[in-house]
Amino acid sequence: MLDVVDVRFRPCTKLFTYKTDNIEVDVDDWVVCESDMGLGLARVIKKREILETEEELKSIIRKATDDDFLQIRQNKILEEEAKEYCIEKIKELSMPMKLIGTEATLDKKRLIFYFTADKRVDFRELVKLLAMKYKTRIEMRQIGVRDEVKFVGGIGNCGREVCCKLFLCDFEPVSIKMAKEQDILINPNKLPGLCGRLMCCISYETCSCDLRS
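Residues 3 to 215 in the working numbering are what the sequence shown lists, from first letter to last.
FYI, nobody ran anything at the bench for these hints, they're computed from the structure. Not one of these hints is a red herring.
Quick list of in silico lysine to any residue cross-link-like pairs, SDA-like style, CA-CA up to 20 angstroms:
no.	residue 1	residue 2
1	Lys91	Tyr136
2	Lys167	Tyr206
3	Lys111	Leu43
4	Lys85	Gln73
5	Lys135	Tyr116
6	Lys135	Asp109
7	Lys60	Thr22
8	Lys167	Ile145
Please put together the full structure from these sequences, using the hints given.
Okay, here's the thing in structure tokens:
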């Protein structure tokens with residue numbers, strides 16, 4: 003059997019599985035792991051044992067230290083500065099895109115810029131300027147409107163924080179049919195969430211209706 007942990011790099015996002023390699027960790031501990039983006043801080047969500055597998059699993063590097071948390075705080079300052087600088091350059095270059103947020107890897111070897119755009123964007127000049135400014139690898143990552151709300155958060159029609167920011171990790175399909183089955187008044191101004199798509203919570207009541215029927 004192999005001891006593994008499921009970790010999450012940001013709240014309400016995908017779980018990733020890592021080997022513990024005999025490092026003692028508990029649920030809710032913070033650990034340093036190598037992801038596809040680079041070195042990152044992740045929270046342990048679940049501990050479990052699995053059968054030996056041919057799948058190549060990475061190992062956690064270490065439990066997070068005070069220095070790691072200090073680095074994260076410093077990175078937050080860098081991320082805000084980089085966001086402001088990038089927005090400034092987007093305006094100067096008249097680029098048809100909207101910057102949503104930035105993220106630095108723990109070791110600052112990569113800066114990721116999340117954006118939305120209605121059409122294909124040539125951001126080679128922007129990347130060149132960002133690389134010259136921050137002397138690190140730059141990655142531009144386009145996201146959808148639902149992921150935008152998940153990233154920045156906000157208050158929904160119910161007056162509470164949007165579900166995708168609080169607890170919803172996966173987006174399930176939502177349809178007008180679900181609203182009709184619940185006798186919800188089809189008001190175009192009431193059904194969309196902050197993302198402009200049908201509210202995810204419509205599917206919650208659909209599940210309840212299915213159980214009652």
